[in-house]
Structures are given as C-alpha cells and as structure tokens.
Amino acid sequence: MTSTTLAPRWHEMPPGAVVRELGNSASIDRSDWRLERPVRDQEKCIRCRLCWIYCPDGAVLELDKPYINRNGRRYEVTYEFDYRLCKGCGICAEECTVKAITMVPEAL
Amino acid sequence: MTLASTRVKVATANEAAAEAVKDVDVDVVAIYPITPQTTVVEKIAEFVANGDLDAELIYVESEHSAMSALIGASACGARAFTSTSSQGLIYMHEVLHIASGMRLPLVMCVAMRALSAPISIWNDHSDLMSVRDSGWVIYVASSAQEVYDTTVMAYRLAEDPEVLLPVMVAYDGFIASHTAEPFEPAGRERALELSPKRRTWSRLDPDSPITMGTITSPEYYYEFKYQQVVAMEKALEKARELERAAQRVLGRSYGLIETYKIEDADVALLVMGSYWDNARLAVDEARRRGTRAGALRLRLYRPFPLEELERALRGVSVLGVVDRAISYGARPSGPIALEIAASIGRRLDLSLVSIVAGLGQRTVTVEDLTELAVSLENARGARDAHLVTRFYGVRGL
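Residue numbers (the numbering used here), protein chains in the order written: chain A, 127 to 234; chain B, 110 to 506.
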C-alpha cells in the first residue's frame with residue numbers, strides 16, 4: 127500500500143471533496159509525471175510567446191529579464207520553465223516555430 | 110387521520126409526492142417523463158403554473174441530464190427534486206454516484222418499475238435494487254400518506270449537516286403511483302417546520318469561491334469514500350430521530366421497519382412497499398388457519414436497519430423474505446434475502462426462505478401471501494433453506 131502518512135486523515139478532509147483553496151494546483155509538484163523535459167535554446171528563441179500560450183499547465187514562465195543574443199539583439203523578456211509544474215507533455219516543443227525547444231529524456 | 114378532516118385529499122402516491130415537493134418549497138425541479146412517474150412532475154408543473162410553488166423547472170432531455178441539472182442546482186444551494194422510474198433510474202445511475210460523492214442533499218422519488226428486456230411498464234423492485242449501492246439513502250414507502258410524509262422528512266435527513274446524503278423515496282409503480290387513496294397533507298407551515306430550509310452544504314458562491322467535482326489521486330479517494338460510510342451510519346441514527354420529530358410535527362411516524370403481530374409469531378413474511386396491507390391481511394388469514402404468522406416491512410433500506418430487524422425477529426423460527434427483484438446467479442436470488450442471510454441469518458436461530466414474487470407486476474393476492482406464510486412452516490429447522498430461492502408463481506415450476 128502506498129504511504130499516505132503526510133496526507134490528511136479521513137475526518138480532516140472536506141466532505142464532497144470540495145477544494146477551498148483556489149489555485150492550489152500551482153502548489154503541487156507534478157514533476158514526477160515527466161518522462162521528458164523541455165529544454166530551451168535561448169539563442170534560437172524569438173520570444174513569440176506561443177509556448178506560453180499553449181502550455182496547459184502554466185509551466186512556461188515569462189520573466190522580466192532582458193536577454194541579448196550573440197547577434198546583439200536585445201529582448202526585454204526571457205522565457206523559462208517551471209519544472210515543478212511541467213508534466214513533460216511536449217506541446218511547447220511541438221508548437222515552437224523556430225525549434226528552440228527540445229524534449230530531453232528525464233533519465234539522461 | 111380522520112376522514113372528517115377538511116385537509117384530507119384523495120390522491121395517488123404520485124400526487125402526494127408532488128404535494129410534498131410544493132409544501133417543502135423546493136427551488137429547482139428537473140422534469141423528464143417516464144411511466145409510471147410522469148404525473149409527479151406534471152403535477153409539480155401545474156403547481157408552478159398556478160403560482161402555488163415558486164420553483165425553477167428544467168425541462169431536460171434525459172434522466173442523465175435531469176440528475177446532472179439537479180447536481181448543478183444543489184451545488185448552487187438550491188433545494189432540488191426530480192422523480193424517475195425503471196430505465197430512467199438506470200440511465201441516471203452514473204450521475205447518482207456523483208450526487209452522493211459530492212454530498213449533495215437531493216431528494217428523488219422513484220415510482221418503482223420492472224427493467225427491460227422485455228419491456229414492462231409495470232411494477233417490481235428491479236430498478237431500485239440495481240442502484241442500492243449508489244450511496245443514496247433509500248426509503249420504500251407503502252402508501253400515499255407515507256410518500257407525502259417521507260418526501261417531506263427526506264429533506265431534513267438529507268440536509269442534516271452531519272449526513273449530507275441524497276435521499277430516494279421509492280414506492281410501487283401503478284400499485285401506489287396510480288391508485289388514489291385518502292391522504293392528509295401537512296401543509297407548508299408544518300412541512301417547513303419539520304424540514305426548514307437550511308443551507309448546510311458546501312456550495313458555489315462568487316463571494317467565497319470553491320471548486321466542486323474535483324479529481325482525486327489514489328492518496329485521497331479512499332478517505333472520501335470512507336466519509337460516505339460514516340455519513341450512512343450517521344443517517345441511520347438521524348433517521349431514528351427523524352421518526353420522533355415527524356411524530357411531533359406531523360403527528361405521524363412509521364419507524365425504520367414496521368411489524369404486525371410479530372411479538373408471538375413463529376413464522377414471518379418480510380415485504381416492502383405496497384404489499385404491506387395484503388401481508389397483514391394474510392397474517393390474519395394464516396392465523397385463522399392455525400399458523401402463528403407475523404409480518405414485517407422494511408421502510409428504510411439504505412442504511413440497513415439491522416438492529417430493528419434483529420429485535421423484531423427474536424423468537425421467529427422461519428422468515429420468508431418476499432423479493433420483487435432477482436440477483437441473477439446469487440444464492441439466494443432475492444437481493445433482500447441475500448442481505449439478511451449475510452447479516453443476521455446465522456446470528457438468530459432462524460431459517461430463512463427466499464421468495465421471489467410479483468415480477469413485472471404479476472398479481473400477488475392476499476391468498477398467495479397467506480399460502481406463502483403457511484408454507485413457511487415446512488422450513489422450520491432447515492438451516493440451508495435460504496440457499497434455494499422459491500420463484501413463486503412461475504408457470505411450469
């Protein structure tokens with residue numbers, strides 16, 4: 127039987143399984159679902175925001191962090207991943223028009 | 110009840126159910142017709158059209174939608190109601206579990222009817238028996254009066270903050286649903302005194318948002334199911350108190366089981382629903398023929414009133430359980446007989462006889478029940494009697 131010693135006991139849980147803390151899924155570590163992780167090449171990334179739009183889990187972070195690439199092009203934002211939230215579905219890599227995101231096996 | 114009272118009406122169990130819905134001031138009713146339940150919701154629509162009840166009627170496209178609509182309504186805090194029968198109940202089976210799992214205090218009347226195939230619009234208990242494990246409290250009423258009273262009582266039980274379970278009030282299709290008899294509605298004031306509108310359950314509220322109907326992982330699901338087990342135990346306790354409250358407010362109560370001449374009985378017949386009157390007449394007739402018979406009626410089926418049943422059966426040597434449904438391949442094949450065999454068959458010094466009768470509303474007369482009661486004498490001392498089910502009335506048997 128799986129260990130559930132840290133989880134609440136039956137009488138500590140809300141009847142009907144209602145969730146009283148909204149947005150609590152953001153606090154749940156889902157990284158153990160992942161078989162592959164997305165890795166971004168900041169040089170190739172053109173900041174088009176498609177990965178941010180398509181990510182079903184809010185695992186793509188849009189950070190106010192300027193980035194200057196090798197050709198001297200300056201971007202005001204930088205996209206990174208929140209690996210606690212990323213389930214490794216690969217949608218970001220699929221949608222990336224410039225192939226800046228690659229899915230890398232977790233085992234490696 | 111005195112017939113001289115001006116409050117007395119002549120009505121079917123279906124009309125009595127609708128009258129109760131009106132008197133407890135239900136807010137939302139999902140309407141979908143299925144025989145023999147249809148006149149319940151027709152009558153409610155009439156009450157709403159005439160301004161006797163201020164409720165939202167939702168004309169849904171199936172029973173599955175009816176229950177889904179009520180789950181939504183109840184999740185918003187509404188007092189909600191629907192009614193169904195047979196295939197309709199089976200069609201909403203999936204959603205029944207969602208209502209109970211979400212702990213929504215819905216009330217639904219079930220005018221019991223046989224299941225297809227072959228199609229039968231007539232009465233038996235196959236539909237109810239198929240949903241007994243859906244986490245609903247289940248009452249089986251035996252008269253229009255009892256249907257009215259129980260529907261009113263059901264809201265108080267369902268909405269009890271320590272219970273929060275949906276409740277079914279079942280009664281026999283046609284035999285009760287379409288047979289007019291006198292009954293006395295308590296009226297809105299007394300109905301609401303017994304079942305005041307209280308918002309005791311978690312509900313959707315824009316000012317204090319919550320999420321309902323969530324997914325759970327294996328680490329959480331089992332605990333919620335165990336909560337339902339505890340709620341059922343609580344419901345049993347509360348159902349006993351509810352009988353006392355009903356006596357106080359409505360001037361009537363029934364008990365979780367009813368008995369007739371059981372105190373000195375050697376043999377006893379257990380029935381549910383409308384067979385109760387005939388069973389009592391059969392007891393009198395069997396006694397005239399020299400068999401010390403008694404009768405019992407299960408009024409509350411879920412949670413199962415084991416203690417009441419055990420107390421009543423002390424001293425009885427043979428119990429015949431008349432089921433109006435079949436658990437195919439089970440031994441015994443009557444669902445209630447099976448349950449009694451499992452729960453008390455070995456604890457009391459009792460021979461249990463499983464009888465299936467009246468399927469698809471095959472007529473079972475007082476004479477039939479008398480014959481069954483008298484024949485129980487043959488099973489005295491037979492410890493394995495319950496392993497065989499008597500399919501009473503099948504031609505060629």
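FYI, nobody ran anything at the bench for these hints, they're computed from the structure. It is possible that part of the hints are untrue.
Example chain B residues on the side facing chain A (calculated, C-beta under 10 angstroms, incomplete) [to be verified]:
#1 Phe156
#2 Tyr200
#3 Ser311
#4 Pro318
#5 Thr320
#6 Met321
#7 Glu332
#8 Gln336
#9 Tyr369
#10 Ile371
Label pairs and their computed distance ranges (CB to CB) [as the list claims (entries may be wrong)]:
#11 A/Thr223 / B/Ile324: 31 to 37 angstroms
#12 A/Arg175 / B/Pro305: 52 to 58 angstroms
#13 B/Arg440 / A/Asp158: 32 to 38 angstroms
#14 B/Ile324 / A/Pro231: 53 to 59 angstroms
#15 A/Asp190 / B/Tyr335: 44 to 50 angstroms
#16 B/Arg297 / A/Lys213: 51 to 57 angstroms
#17 B/Lys334 / A/Asn150: 41 to 47 angstroms
#18 B/Arg308 / A/Asn150: 22 to 28 angstroms
#19 B/Lys306 / A/Gly216: 48 to 54 angstroms
#20 B/Ile324 / A/Gly216: 40 to 46 angstroms
#21 B/Lys334 / A/Asp158: 51 to 57 angstroms
#22 A/Lys213 / B/Tyr335: 36 to 42 angstroms
#23 B/Glu165 / A/Arg160: 45 to 51 angstroms
Which chain B residues face chain A? A few, computed with CB under 8 angstroms, are given here [what the hints assert, rightly or not]:
#24 Leu273
#25 Ile319
#26 Glu328
#27 Tyr329
Glycine included, every Cβ here is placed at the ideal spot set by N, Cα and C.
A range of 45 to 51 angstroms was offered for this pair. Does it hold for the Cβ distance of B/Glu165 and A/Arg160?
For A/Arg160 against B/Glu165, whose Cβ atoms are near 46 angstroms apart, the range 45 to 51 angstroms holds.
Go ahead and decide if the range 41 to 47 angstroms is satisfied by the Cβ distance of B/Lys334 to A/Asn150.
22 angstroms, violated
Could you tell me whether the CB distance from B/Lys306 to A/Gly216 stays inside 48 to 54 angstroms?
51 angstroms, holds
For the hint on B/Leu273, does the least C-beta distance to chain A fall short of 8 angstroms?
6 angstroms, holds
Using 10 angstroms as the Cβ threshold, decide whether B/Tyr369 counts as touching chain A.
Because about 39 angstroms separates B/Tyr369 from the closest Cβ in chain A, which is outside the 10 angstroms limit, the hint is violated.
Satisfaction of the hinted span 53 to 59 angstroms by the C-beta atoms belonging to B/Ile324 and A/Pro231
27 angstroms, violated
Can you let me know if the beta-carbon spacing of A/Asp190 and B/Tyr335 is within 44 to 50 angstroms?
For B/Tyr335 against A/Asp190, whose Cβ atoms are near 48 angstroms apart, the range 44 to 50 angstroms holds.
Let me know if the C-beta of B/Pro318 comes in closer than 10 angstroms to any C-beta of chain A, holds or violated.
Since chain A brings a Cβ to about 6 angstroms from B/Pro318, closer than 10 angstroms, the hint holds.
Given B/Glu332 as an interface hint, is its Cβ closer than 10 angstroms to any Cβ of chain A?
Check passed: Cβ of B/Glu332 comes within 4 angstroms of chain A, closer than 10 angstroms.
Okay, B/Lys334 versus A/Asp158 on CB: inside 51 to 57 angstroms?
25 angstroms, violated
Hold the hint about B/Tyr329 up to the distance rule: shortest CB distance to chain A must be less than 8 angstroms.
7 angstroms, holds
Pairwise beta carbon distance, A/Arg175 to B/Pro305, judged against the given window 52 to 58 angstroms
55 angstroms, holds
Of the numbered hints given earlier, the model fails hints 1, 2, 9, 10, 13, 14, 17, 20, 21, 22; all others are met.
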